[in-house]
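Chain Z is fixed; fit chain S onto it per the hints.
Residue numbers (my numbering), protein chains in the order written: chain Z, 7 to 263; chain S, 6 to 471.
One thing to keep in mind: the hints can contain errors.
[Claimed, not checked] Partial list, computed: chain Z residues near chain S (C-beta under 8 Å):
id, residue
1, Pro65
2, Leu120
3, Tyr171
[Stated by the list, open to error] Within a straight-line C-alpha distance of at most 16 Å, the following computed EDC-like cross-link-like pairs (lysine to aspartate or glutamate) qualify:
id, chain 1, residue 1, chain 2, residue 2
4, Z, Lys140, Z, Glu210
5, Z, Lys143, Z, Asp36
6, S, Lys357, Z, Glu74
7, Z, Lys45, Z, Glu59
8, Z, Lys143, Z, Asp99
9, Z, Lys194, Z, Glu74
10, Z, Lys61, S, Asp281
11, S, Lys43, Z, Asp239
12, S, Lys399, Z, Glu59
13, S, Lys316, S, Asp281
14, Z, Lys43, Z, Glu123
15, Z, Lys143, Z, Glu95
16, S, Lys316, Z, Glu59
17, Z, Lys140, Z, Asp36
18, S, Lys316, Z, Glu49
19, Z, Lys45, S, Asp382
20, S, Lys304, S, Asp342
21, S, Lys369, S, Asp382
22, Z, Lys43, Z, Glu95
23, Z, Lys190, Z, Glu74
24, Z, Lys246, Z, Glu142
For the record, the hints were derived by calculation from the structure and aren't laboratory data.
Quantities reported herein were computed from a predicted structural model and do not represent experimental measurements.
Just so you know, even glycine gets a beta-carbon here, dropped at the ideal spot from N, CA and C.
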Amino acid sequence: MRFWITVCIGAVALLGGIGIDGAFAVKPEDNRATREKGKRIYERSCIFCHGSEGKGDGPAGWYLGRYEAPRPRDFTTESFKFRSTASGELPTDQDLFRTVTQGIPGYMPSFAGLNEEERWQVVSYIKTFNPSFKEEKPQPLPLPLPPGPPTDAGIEHGRKLYMKYGCHSCHGDNGYGDGSESLKGNLKDSRGLTISARNLTERESLKNGSTPRDIYRSVMTGLDGTPMPSFADSFAGKEKDAWDLIYYILSLSQDRR
Amino acid sequence: MVSRGQSAVLLWIALALFGLVAAVLPDDAQALPAFARKYNMNCTACHTAPPILNTFGQRFLENGYQLPGTEDGGITGKKKLGDLTLDDVNNYVSFRMVGNAVSNWNFKQQNPPGTDAGVAVNKTEFTFPESFTMFTGGTLTKNVGFMVELGYDTSTGSANVERGFVSFNNLLGHDVAHVRVGRFDVGAFYSYTTVRQQLNDVGESLAGTGPNGAACGSGTFNPCTINRMGLTPSALATKFFGLYDRTGNYLSPYASSLFNSGGEMGIDVHGRPFGDWFLYQVGVLNGANEPTGDSNKGKDVYGMVRFDYAKSRDFSASLSGFVYLGHSNAKVQTQDDVNWNRYGVSGRATYKMVDVYAAFAVDKINKTPTGVAGQFDSTATGLTVGVDTYVTSKTMVSLRYDNLDAGGMINERQSSSFVGTQVKHFLRNNIAVFVRNDFNLRKADTGSTAAQNLRNAFFSGIDVIF
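Isolated chain Z, as found in the complex (with noise of 0.2 Å):
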């Protein structure tokens, strides 16, 4: 017994030593220190499943999918899915802070528990891995705010919009992600693997963010290097269908509460 109780005096000591660390939230200078702690993150939480030289070809990323989409994303050559820019464009710093923030949900843990300065450290050194960070300047396309809250008419007029644009020959007619394309396993990403569309009736499986502006961006933005494509410029100059359109989106999920 006096075995343990001296164990347990010592466990408490020891306990001691856990703090409380109030780091704060701001964005550090993108240098050679800031890249370098990065770093140390990266390889610490990240190497696992995006590899150490960013490949996307860490021990685990094969297990995520299997066979199927997605594998871990690629930051020297693959193109990034959740951006604020136009297709085809780098994502901003932003961007990759958000996608580190909030996870990507069934396939990346959000690492909000790394403090907000660890996650620009560790956003500054995945930028590294692709030279083209360096050249381009990414620029954010519009986001505007929604122009007032949901209207019955406009869930309808939503609804067709979805059908006319063929949201729904991926999605399905009722969104759950059931459309001929997905049924058929048409879809595949860049990379070659059978790719599902999302079931937009399960909005916690929204792999970039859900909000309305959230959704507003996925399609805007397309979701580069999988068949998910911009709708920018079939909604050029028609913000108030655009909008109808994402209301409709999560009237479905809605529905099922």
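Chain S in isolation, oriented as in the chain Z frame:
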């Protein structure tokens, strides 16, 4: 071997089960165990195939159920107990129900063993579920983790705390020292982990009486006659025949024990102070091989080191070795104390979705009591080699070879070599059905006792985690 007609029937039963389970499940079954729910992740982020962990899952475990490189327990576990809702509880509690729905045994039973020619027994049993476990784990606050696992074993009808411990993480710096206190799976960080196997342990079947006809089992210092041997990883098992715990209960030669025990009471420290490539683990256990309490004179101590390579090219490898020193942690027939030690090495490599692992251990009783001198072999070894791989996104094939060079009482001990094969099909991420067959490779060696006569064992079962 199972006869043609019989295997057809078994196959039909297996297929019917398959269909039944598939039909009963609602289409959008989204049941995921607790950690996956908590982090909004698929099981496959941490598991190659539950319950086996991939490199990312291993580091999550080592970090006290916090994401690798973070100390996020304070963020995801900030609710007070009084504020918990049912949804939150969902984030902590998981269940696993696993077992062989149909088992078919083919062995020769001799009664008493070694004396008659024996009767061939071909037995089919329905046993599902063999075990039901409820586990809850997570973080109480930043850097304080916990895990409780309650198991219900349907064959013995008893519920047990299989594991229950608290961990204090990241003491003295990030990943420098993590301390576990309580009843924990000792070899949790070994390259080949006891509680994470594709081929489930199948215990031996005991006759209930010893060779002398007297009742064996609890507290009698009387060996049990083994009707049919167990199918467990030889490297992790006890390996000795004729060993008893300190109260005289027969220790199963097939149960995992010492460093490879699934649950022992003690305190344990591990960490990676020099980066990801190296892990150390040291600990002290009651080591009495008793379910509770500590009747032995001294503690058992152990140390393990592990080297890792997990960087890129879809490849990982690890190599570990341990020394476990027992201190009067078992008794022999003459009721004398012995010090039972184990030395082991194991390795594991994964490439894409091929997972190869091996473990070898030498068990040694360091001084044979004079009462059993000449009758007791004080050295035993076990070797286990296995491979698991996905052949499709939903189907996993496993192969495992076990060789046990048994020790202990020379007239009781049974060496064995087995090959286990299994095909497991995941109907959902968390629901799988499997068929398995284990073959005895020592057929020519009819041996002197019944246990050696296990020819073939067929299983068809279900594994559900929710």
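The hints, checked one at a time:
1. The beta carbon of Pro65 of chain Z is positioned within 8 Å of a beta carbon in chain S (closest approach about 3 Å), and the interface hint is therefore held.
2. Here the hint on Leu120 of chain Z is kept, as its CB sits about 6 Å from the closest CB of chain S, short of 8 Å.
3. Because the smallest distance between the Cβ of Tyr171 of chain Z and any Cβ of chain S comes to about 26 Å, over 8 Å, the interface hint for this residue is violated.
4. Annotation: proposed proximity of Lys140 of chain Z to Glu210 of chain Z is violated, straight-line Cα distance about 34 Å (limit 16 Å).
5. Distance check on the hinted pair: Lys143 of chain Z and Asp36 of chain Z sit about 14 Å apart at the alpha-carbon level, within 16 Å; holds.
6. For the hint pairing Lys357 of chain S with Glu74 of chain Z, the CA-to-CA distance comes to about 13 Å; that is within 16 Å, so the pair holds.
7. Taking the CA atoms of Lys45 of chain Z and Glu59 of chain Z, the gap is about 11 Å. The hint holds against a cut of 16 Å.
8. Between Lys143 of chain Z and Asp99 of chain Z, the direct Cα distance comes to roughly 10 Å. Compliance with the 16 Å bound is thereby established for this hinted pair.
9. Note on Lys194 of chain Z and Glu74 of chain Z: the hinted pairing holds, with a Cα-Cα distance of about 9 Å set against a maximum of 16 Å.
10. As the CA atoms of Lys61 of chain Z and Asp281 of chain S are separated by approximately 19 Å, the hinted pair breaks the 16 Å bound.
11. Taken as a hint, the Lys43 of chain S and Asp239 of chain Z pair is broken in the structure, with Cα atoms around 38 Å apart against an allowance of 16 Å.
12. With a C-alpha separation of about 29 Å, the suggested pairing of Lys399 of chain S with Glu59 of chain Z is violated against the 16 Å cut-off.
13. Of the supplied pair hints, the one linking Lys316 of chain S and Asp281 of chain S holds, its CA atoms being roughly 10 Å apart against a limit of 16 Å.
14. Proposed proximity of Lys43 of chain Z and Glu123 of chain Z is supported: the alpha carbons are some 10 Å apart, at most 16 Å.
15. Using a Cα cut-off of 16 Å, the hinted pair Lys143 of chain Z and Glu95 of chain Z holds, with the two alpha carbons roughly 9 Å apart.
16. Restraint check for Lys316 of chain S and Glu59 of chain Z: the C-alpha separation of about 8 Å stays at or below 16 Å, so the hint holds.
17. Between Lys140 of chain Z and Asp36 of chain Z the alpha-carbon distance is near 11 Å, which keeps this suggested pair within the 16 Å criterion.
18. With a C-alpha separation of about 8 Å, the suggested pair Lys316 of chain S and Glu49 of chain Z falls inside the 16 Å cut-off, and the hint holds.
19. Among the hinted pairs, Lys45 of chain Z with Asp382 of chain S is inconsistent with the structure: their alpha-carbon atoms are about 54 Å apart, more than 16 Å.
20. Between Lys304 of chain S and Asp342 of chain S, the direct Cα distance comes to roughly 13 Å. Compliance with the 16 Å bound is thereby established for this hinted pair.
21. Distance check on the hinted pair: Lys369 of chain S and Asp382 of chain S sit about 9 Å apart at the alpha-carbon level, within 16 Å; holds.
22. A C-alpha spacing of about 27 Å is found between Lys43 of chain Z and Glu95 of chain Z, which places the hinted pair above 16 Å, so the restraint is violated.
23. The hinted pair formed by Lys190 of chain Z and Glu74 of chain Z meets the criterion: a straight-line CA distance of about 14 Å does not exceed 16 Å.
24. The suggested pairing of Lys246 of chain Z with Glu142 of chain Z is violated, with an alpha-carbon distance near 32 Å, which exceeds 16 Å.
Checked against the numbered hints above, the structure breaks hints 3, 4, 10, 11, 12, 19, 22 and 24 and satisfies the rest.
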